[in-house]
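The letter at position 120 of the sequence shown is residue 120 when you use this note's numbering, and the numbering goes up by one with no holes.
If you're looking for bench data, these hints aren't it; they were derived computationally from the structure. Treat the numbers as computed from the prediction; the structure is a model and nothing was measured. Mixed in with the good hints, there may be bad ones.
[As the list claims (entries may be wrong)] Below, simulated SDA-like cross-link-like pairs (lysine to any residue); rule was C-alpha separation at most 25 Å, straight line: (1) LYS239 / SER192; (2) LYS353 / ASN274; (3) LYS285 / ASN274; (4) LYS279 / LYS239; (5) LYS279 / ALA331; (6) LYS80 / ASN63; (7) LYS135 / GLU115; (8) LYS57 / TYR174; (9) LYS72 / GLU115; (10) LYS72 / SER28; (11) LYS243 / SER192; (12) LYS272 / SER320; (13) LYS279 / LYS300; (14) LYS287 / LYS232; (15) LYS135 / ALA66; (16) LYS287 / GLU321; (17) LYS134 / LYS232; (18) LYS72 / ASN171; (19) LYS272 / LYS239; (20) LYS246 / LYS285; (21) LYS279 / MET179; (22) LYS272 / TYR79; (23) LYS80 / GLU178; (24) LYS72 / THR137; (25) LYS347 / TYR234; (26) LYS311 / ASP296; (27) LYS287 / ALA210; (28) LYS285 / ASN249; (29) LYS232 / ASN201; (30) LYS285 / LYS206; (31) LYS206 / MET179; (32) LYS80 / LYS353; (33) LYS57 / SER28; (34) LYS243 / LEU256.
[Stated by the list, open to error] Using C-beta positions, here's what the derived DEER-type ranges look like: (35) ASN46 / TYR304: 54 to 64 Å; (36) ASN167 / VAL71: 17 to 27 Å; (37) ALA210 / LYS353: 18 to 28 Å; (38) LYS232 / GLU58: 49 to 59 Å; (39) LYS246 / LYS80: 53 to 63 Å; (40) GLY111 / GLU178: 36 to 46 Å.
Every residue gets a Cβ at the ideal spot worked out from N, C-alpha and C, and that includes glycine.
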Amino acid sequence: MSKKKNLIVLLAVLAALAAVYFGVTAYSDYTAQKKEEQEQAESEENRIWVTDLDEVKEISYDNGTAQLAFVKEDENWKYKEAEDFPLEQSYLTSLEETVSHLEATRRLEGGDELEAYGLTEPQATVTVTDEAGKKTTLHIGNSVNSEYYLLVEGEEVPYTVGSSLYNEIQNGLYDMIEMEEFPDLTEENIVSVEIQNESGNYTLEKEEAAKATPSEATAADTENETEDAAEKEYEWYVKTGGKSTKIVNESLCDTLLSNLYGLTFEQCENYKGNEAELKEAGLDKEKTSFTVTYTDEEGKQAEYTVMVGNKTTAEEEAASEYYARLSTSEAINILSETAVENITGHKAEEFLK
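Let's have the full structure, built from the sequences with the hints guiding it.
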């Protein structure tokens, strides 16, 4: 047999072996896939669902401390007693997902009396209402190995479930508030800061620092000119009584500005204070305040004013926070003592020493 014929035979044998190999591999993959699908189907059949609701319209809960009810309107959750309450949606959407498809780890057929599970006097109760108006009430009893005993009202056999549902209903109303926020500020987009305190009024204003002339510029300045083109340097002035003076105490100015960057309210005490509540917090009149004028993302000038009220504890105690609010809002919030005193706690002349 010629070499050419031998090569043809060899290639035919190799092709046949390859076909067998790929066929066996394909069959093995197919068998493994079918086995996995079967195991998943069996696992799904063995799952224990306490609830399986398509659409939830209302959720209420009693966690032993707070009794709260929420209603869903136009895909948004609202606090039922005050629908204008600024509710952070993520809390309720997460709770909705948990309570509408709640899976149990065990169904305690033939177990102890309900009293043994803490279900005759449950420590928490959740009621969920679906789109058809059907209510399902869940009673949560004692904890066991990081899980909780649970009983569906109207049933006799309890379950054990994970801790997610219990943990998610521990929030009080103000734990779920959408806090008022300040714009993102940097030295570049701040235009001015007006301070009003016991010593009077003054304003910090900035100007872009003059660049060195070509004859004054060093070789290093020229070399770094491209890198620093986007970085601007500013000089700050304090304006009081119609007179503007360059700030000498740059460290004090830097501290004030840095406290404006990333400024946040610590918490909200009352989302809509009435006249008496604002007065009690010292927020009925603008005694101490700061107004920030800045350039927004669209390049337009905007401003906000923060009014600062009383300390949150008696003067003789070690208070570390102040009541504060935006001048355009009735919400009574809390600002840290550090932020308040670094922003509003200085006289104009301190910047000139």
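Which hint numbers doesn't this structure obey?
-> 2, 4, 9, 10, 13, 14, 17, 19, 20, 26, 27, 28, 29, 30, 31, 32, 33
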